[in-house]
Amino acid sequence: MSAVLELRNLSLGYRDLTLFSRLSMDIQAGSTLAVLGANGSGKSTFVKMLLGLMDPLSGSLNWPKGRPAEIGYLAQMTEFDRRFPIRVRDLAAMGAWRGFGHRFGLDNAARDRMVSALDDAGVLDIADRPLHMLSGGQLQRALFARVIMQDAPLILLDEPFAAVDQSTEAHLLSIIRRWQDEGRAVVLVVHDLSSVLDHCSHALLLGGREATHGPVNDVLTPDRLVAQGYLSESQAAWMFRSTPPTAETAHV
Amino acid sequence: MFDLFAEMWGFAFMRRAFVATTVLSASVAPVGAFLVLRRLSLAGEAMAHAITPGIVIGFVTAGLSVMSLLVGGLIAGVGVALLTAFLARRTILRSDASLASLYLIALAVGIFILSAAGSAVPLKSFLFGSILGIDDASMLLVGGVATVTLVAFAFLLRPLIVSTCDPIFFETQTRRPWLVDQGFMLLLVLNLLAAFKTLGTLMAVGLMILPATAARYWASTITAQLVLGFLFALASCWIGLTLSYLFPETPSGPAIVLVAGAFFLFSAIFGPLGFGRPLRKRSAAKDLPLTQIHQEESAK
Chain A
80 MSAVLELRNL SLGYRDLTLF SRLSMDIQAG STLAVLGANG SGKSTFVKML
130 LGLMDPLSGS LNWPKGRPAE IGYLAQMTEF DRRFPIRVRD LAAMGAWRGF
180 GHRFGLDNAA RDRMVSALDD AGVLDIADRP LHMLSGGQLQ RALFARVIMQ
230 DAPLILLDEP FAAVDQSTEA HLLSIIRRWQ DEGRAVVLVV HDLSSVLDHC
280 SHALLLGGRE ATHGPVNDVL TPDRLVAQGY LSESQAAWMF RSTPPTAETA
330 HV
Chain B
7 MFDLFAEMWG FAFMRRAFVA TTVLSASVAP VGAFLVLRRL SLAGEAMAHA
57 ITPGIVIGFV TAGLSVMSLL VGGLIAGVGV ALLTAFLARR TILRSDASLA
107 SLYLIALAVG IFILSAAGSA VPLKSFLFGS ILGIDDASML LVGGVATVTL
157 VAFAFLLRPL IVSTCDPIFF ETQTRRPWLV DQGFMLLLVL NLLAAFKTLG
207 TLMAVGLMIL PATAARYWAS TITAQLVLGF LFALASCWIG LTLSYLFPET
257 PSGPAIVLVA GAFFLFSAIF GPLGFGRPLR KRSAAKDLPL TQIHQEESAK
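The listed protein sequences correspond, in order, to chains A and B.
The working numbering puts the first sequence at residues 80 to 331.
The working numbering puts the second sequence at residues 7 to 306.
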């Protein structure tokens, strides 16, 4: 595996608030990095720094193969205007922005790519539907189609499963798995210790002014999750209990 | 009906007014559409007031010429836009509050100077427009601004769409995202100045916002929004001018804006995205708030 991005001695934060300092790690091609942390620990800020929308306080970002022209990015859904009058296909086409620039429409090759991206994301049948008629899951699929169109070596996803149902989550996870197989690096901000983590090879835990990184199982230990303020001791004890309790489910 | 048009067409000032507002409609429609889509409807209104002192000072010092209007208005408009951005970035105030503060000061300065100078131009036509005031130079101004606006939109349309729909994505895609914001504000000021003669400072934004909001009730695509917005603006101008001709005491600005308002009300009631149909179907239980689902479950 080769590194897409090397972070060296990185400190991140705002003028009077340091979120963490001296983080050195590599983001590998073909890997998926989960970024976890309590609210305000700097998950989204970390992603914005990777995008170049924010400078680190100190340290450096090295791109061994040069900074890619395109970095795939999906912001939290709350930052999106759903009433904007465009269709699903137009939203996906935005992913080819650099290809067609601001003057010309899509050429035939890009159009074919768009159709296959819509198909992969499972929104081809609603390609002509305006955004305001979509459910949360459908909108997220459409946004994934845009990321597919971006065809980027590094893909940053900020809480992509916050507002989607289980089947959509499974579908989107399969897309992430495929990106990984294609040798792209994926950085995935997740809010809770969910099943999503099964799909991630590495984790970065933020909180308590520290940043811990490594393979998922090495980073997300009960002691560390408590130490970095992600879980309380009783929550950690319950989550990492040896035998799960049997439960009775009331069916409706 | 035909007699009326023949009669109106007989007057040179009416011919000018019809031609000027037709060109003006094509120019302000795309600006209005993006004012609405970018949630800047009220900022557009504020900006219309903000250019007043520039126009007034230009008028008092250089007379009522198109050049003084253009230069004064541009300086005031761009000045207020830049100061607003500066205040919003460097102080606690958000941009809406900064703009509101500045435009109120600017409007007060404008009206104060206009009154103090004992102007020869009646205040009413200054604020509400007059179809009598459209001379060759004003026609050139409207034509020039329309040309600049439409050419600029040919380049700005896609960046505007992307930056309006998903500003954060747009920021990751371009190095100078502010160029689009500032370019759009400049187009707004230019179009307000072009609309000033027929509509007056208080009504200029009306021809931008109302046709755009009316079109919003029908359009699900940008293209439809732009085309419909233009058609509503055009119809508002023609009918409004006719009203203003039939009732000579009414200034043209309010007449045009009232017609645009009628289109808006009609669209809100009958448009597929207005009261005509709920914004989104609420059939899927997963879209309901959890508490509501629980209530429904316990009610069974």
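Everything labelled a hint here was simulated from the structure, so no lab data went into it.
Please read these numbers as outputs of a predicted model, since none were measured by experiment.
Among the clues, some could well be false.
[Said to hold, decoys possible] DEER-style ranges, computed between Cβ atoms:
#1 A:Asp244 <-> B:Met7: 23 to 29 Å
#2 A:Leu130 <-> B:Leu237: 55 to 61 Å
#3 A:Glu158 <-> B:Ala122: 44 to 50 Å
#4 A:Gln314 <-> B:Gly267: 45 to 51 Å
#5 B:Lys130 <-> A:Leu130: 33 to 39 Å
#6 A:His278 <-> B:Ala230: 38 to 44 Å
#7 B:Thr153 <-> A:Leu130: 36 to 42 Å
#8 A:Ser137 <-> B:Met73: 51 to 57 Å
#9 A:Arg162 <-> B:Thr153: 30 to 36 Å
[Said to hold, decoys possible] Facing chain A, according to a computed beta carbon distance under 8 Å, are these residues of chain B, among others:
#10 Phe24
#11 Thr28
#12 Val29
#13 Ser71
#14 Ser74
#15 Ser144
#16 Asp172
#17 Ala225
#18 Gln231
#19 Leu232
Just so you know, even glycine gets a beta-carbon here, dropped at the ideal spot from N, CA and C.
Taking the hints in turn, this is what the structure says about them:
1. A:Asp244 <-> B:Met7: 23 to 29 Å: Violated - the Cβ-Cβ distance for aspartate 244 of chain A and methionine 7 of chain B, about 59 Å, lies outside 23 to 29 Å.
2. A:Leu130 <-> B:Leu237: 55 to 61 Å: This hint is violated: roughly 41 Å between Cβ atoms.
3. A:Glu158 <-> B:Ala122: 44 to 50 Å: holds (48 Å)
4. A:Gln314 <-> B:Gly267: 45 to 51 Å: Violated, since glutamine 314 of chain A and glycine 267 of chain B (Cβ atoms, about 58 Å apart) do not stay within the stated range.
5. B:Lys130 <-> A:Leu130: 33 to 39 Å: violated (53 Å)
6. A:His278 <-> B:Ala230: 38 to 44 Å: holds (41 Å)
7. B:Thr153 <-> A:Leu130: 36 to 42 Å: holds (38 Å)
8. A:Ser137 <-> B:Met73: 51 to 57 Å: holds (53 Å)
9. A:Arg162 <-> B:Thr153: 30 to 36 Å: holds (32 Å)
10. Phe24: Given a least distance of 30 Å, the restraint on phenylalanine 24 of chain B is violated.
11. Thr28: violated (25 Å)
12. Val29: violated (25 Å)
13. Ser71: Violated, because the Cβ-Cβ distance from serine 71 of chain B to chain A comes to roughly 36 Å (cut-off 8 Å).
14. Ser74: violated (35 Å)
15. Ser144: violated (32 Å)
16. Asp172: holds (6 Å)
17. Ala225: holds (6 Å)
18. Gln231: holds (5 Å)
19. Leu232: With a closest approach of 10 Å, the leucine 232 of chain B hint is violated.
Hint violations for this structure: numbers 1, 2, 4, 5, 10, 11, 12, 13, 14, 15 and 19, all remaining hints satisfied.
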